[in-house]
Structure formats: C-alpha cells, structure tokens
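K.L.:
Here is what each chain is made of, one letter per residue.
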Amino acid sequence: DQQVKQNSPSLSVQEGRISILNCDYTNSMFDYFLWYKKYPAEGPTFLISISSIKDKNEDGRFTVFLNKSAKHLSLHIVPSQPGDSAVYFCAASGSNKFYFGSGTKLNVKP
Amino acid sequence: NAGVTQTPKFQVLKTGQSMTLQCAQDMNHNSMYWYRQDPGMGLRLIYYSASEGTTDKGEVPNGYNVSRLNKREFSLRLESAAPSQTSVYFCASSTGGIMGYTFGSGTRLTVV
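Chains as they are written, first to last, in the working numbering: chain A, 3 to 112; chain B, 6 to 117.
If you're looking for bench data, these hints aren't it; they were derived computationally from the structure. Zero decoy hints are in this set.
List time: in silico DSS-like cross-link candidates among lysine-lysine, alpha-carbon distance up to 25 Å: (1) A:K7 to A:K107; (2) A:K7 to B:K62; (3) A:K39 to B:K14.
What follows is a list of derived Cβ distance ranges for each label pair: (4) A:K70 to B:G21: 43 to 51 Å; (5) B:D43 to A:D57: 30 to 38 Å; (6) B:G8 to A:S53: 23 to 31 Å; (7) A:K107 to B:V17: 20 to 28 Å; (8) B:T59 to A:N59: 28 to 36 Å.
In silico negatives: residues of chain B with every beta carbon more than 10 Å from chain A: (9) T20; (10) Q22; (11) K76.
Note that beta-carbon positions come from the ideal geometry of N, C-alpha and C, so glycine has one too.
Extracted from the complex, chain B is given alone in its bound form (with noise of 0.2 Å):
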C-alpha cells in the first residue's frame, strides 16, 4: 500500500548513543517532514524539507540533523541521545502548499 514507512517502531538508546530513524514514501511527495509528539505538546515540528535537496529547521531541531537522500527518503539522526529526546516521532509527506500530511505510524524512542 502507498504510504509513509518509518523504522524502527521502536528503540531504546542509553544517553550519548547515536541512531538514525529512516522515513520512506512512495507517493512521489516533495515535501517531507519529521514532529515529535510529547504528552501534552502536540505534534512539534523538528525539520522538514520542502523538496529535495533543501532541509530547514523547525520549532524543535536542537539535539537532530536530516537528511534528504533522495525524492522518497528523508532521515532524522540523534548524534547523541539525551533523556529529553524520548518522545515518539513521526514522519509525513504532502505535495507541499496548503495540502495536508500523510504520516508514518510513528518510532517510540526511549532514551535511558
């Protein structure tokens, strides 16, 4: 089914370990985008990329760097993790404009 894929569903990282969370979508979207949810906070926006090749920072990027590899990846790294980070993090796509999101179902992250 076309979509939005994320991996892992899941991870623990003891604090200062690194990991990489992968998006991928098959919908030929330009614009990608990573949010975290938080009890209470909503949905955050960390980064986003409004098409390939271009990355900006959102409301939350401290802590995270992207990369847009390609028209259909769109990865979030931690280069080194700290207890704050533990959240649940979801990616989506849309065609960009007033368009809304298609969203992955999201990595439960725990940082220990």
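So that you can see chain A by itself, here it is in the shape it has in the complex (with noise of 0.2 Å):
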C-alpha cells in the first residue's frame, strides 16, 4: 500500500495563475517531505523541501505547506510558467529512505 499518494495525475494551469499540487501520507512518524520535478528523459531534480516541524517553506516562486493534522502538503508555484511544466513527484522520509508519489504532470499553457 503506497504510504505517499498524489491524487491527482495530471493539471492544466494558465501561464500566470497559481499551480497548486497536493500530496497525502500515512505514515505520521514521516519527518521531512520534499518535492522533485522531473522534465521527460531526464531524472528528478530537487525542488524544496520542508521539515516536520514547520508548516510552510519558500523559495522564489515555491512555497511548500505541511498540515500535519491532515498529513497532507501541497507545492504553490506563483506564478506559473510554461517551464515549469514537467511531472511533479513529492516524497517523504523515513528510516532513511524516501517514500514517493506516483508524481502530477503540470502543464502551463502559454
């Protein structure tokens, strides 16, 4: 049973607005989460990152939010750009491993 899940495969966000991808986990004893964007025939790339003992990171135009109640975190991008279209995994740490998603495919349309 997949202890990180991303709901939803695919997104579709004009250039401009705001690209909000989500992510749920199970496993509450998870203290780090991070997320990875991978362009086609390439591998992931690190993105942000956030610890479990916050609830928001941001980077430029990447903000990371972690709601541990809910254990849920999602990934803003503001605004969008056709570059940063590509699949967007998140994943999080446990017994030094990373457990990931099965990734969203954001498309900004131009």
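Starting from the two chains in their separate frames, assemble the complex, guided by the hints.
P.N.:
Structure, rendered in structure tokens:
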C-alpha cells in the first residue's frame, strides 16, 4: 500500500496563474518532505523541502505547505511559467529512505 | 560535472536474458539507491545501500540483485529478465539521513 499519494495525475494551468499540487501521506512518523521535478528523459531534480517542525517553506515562486494533522502537503507555484511544465513528485522521509508519490504532470499553457 | 552516471541509457532484452545496470557517483555520498518508475506507480525503491558494504531490500526487490562494489559504484542485476521488469530505472545517491537525493538520468529497459 502506497504511503505517499498524489491523487491528481495531471493538472493544467494558464501561464501567470497559481499551480497547486497536492500530496497525502499515511505514516505520521515521516519527518521530512520534499518535492522533485522531472522533465522527460531526465532524472528527478530536487525542488524544495520542508521539515515536519515547520508548516511552510518558501523559495522564490515555490512554496510548500505542510498540514501534519491532515497528513497533507501542497506545492504552490506562483506565477506559473511554461517552463514549469513537468512531472512533480512528492516524497516523504522515513528510515533513511524516501517514499515517493506517483507524480502529477503539470502543463502550464502560454 | 559532479553527479550520478548511469549506463546504459537504453536496453532491450529478451525474456530470460540477464544484464547489469551500472551506476556511479562522484559526490562521496554514503548512500545509494535503485528505483523503478512505472506509469501510475511513481518511483518505487528496489534496493538501497546505506553505506559501503551494506545493502537492503526496498519495496520491490524480487527479481533483482545488487552489489555495492565500492563507495562510488552500485550495480543492479537482473538474472532472468521478465516483461514485468520493463520500466525506467533510476539510480540515486545521498549523504544519508534526511538530505534529498541526486538522481541519475535513468535507464529505459524493455523486456520482450
């Protein structure tokens, strides 16, 4: 059973608008969360992270929110740009390894 | 450039054939990982090595073996390939603990 879930396989957003990608997890012992971005034919690359002791982390256009009580995290991209079009994976850390969600394919339309 | 190098990038195997996927990192990372990516399933951990000399099973280890040859290299072997092993394989490394991974560019494997 997947411990990290991304229930939206795809998301389409207009350039300049906000993109919100969601992720749910089941294990309350996870203590660190990350978002990765993946372009076709490339490996995933680290985007942004958040520790379980925080509820928000911001890096430029990217903000990750963590709701521990709901076991939910989200990635906000503002404003969205066509170059943000990629697959986004969330990951949660436990026992020296990361568990990944199934990914959300974001398409930002010009 | 520093990073994780995987070879080969593409491979087609016949059912029952064997092969080894190679991975090397030059960042002096302690931990190395093998993942497979399948549509709708995300990245699933096959095997990992927390440090040189140790290996452990991940979520989907059946049909695979690994070798941590030294600190830099971590190989994944398919002894008798099956169509269900058709996937994109990613190697990753990290300093361990809560730090994120650095991924290689992947190996696309097709078993016919």
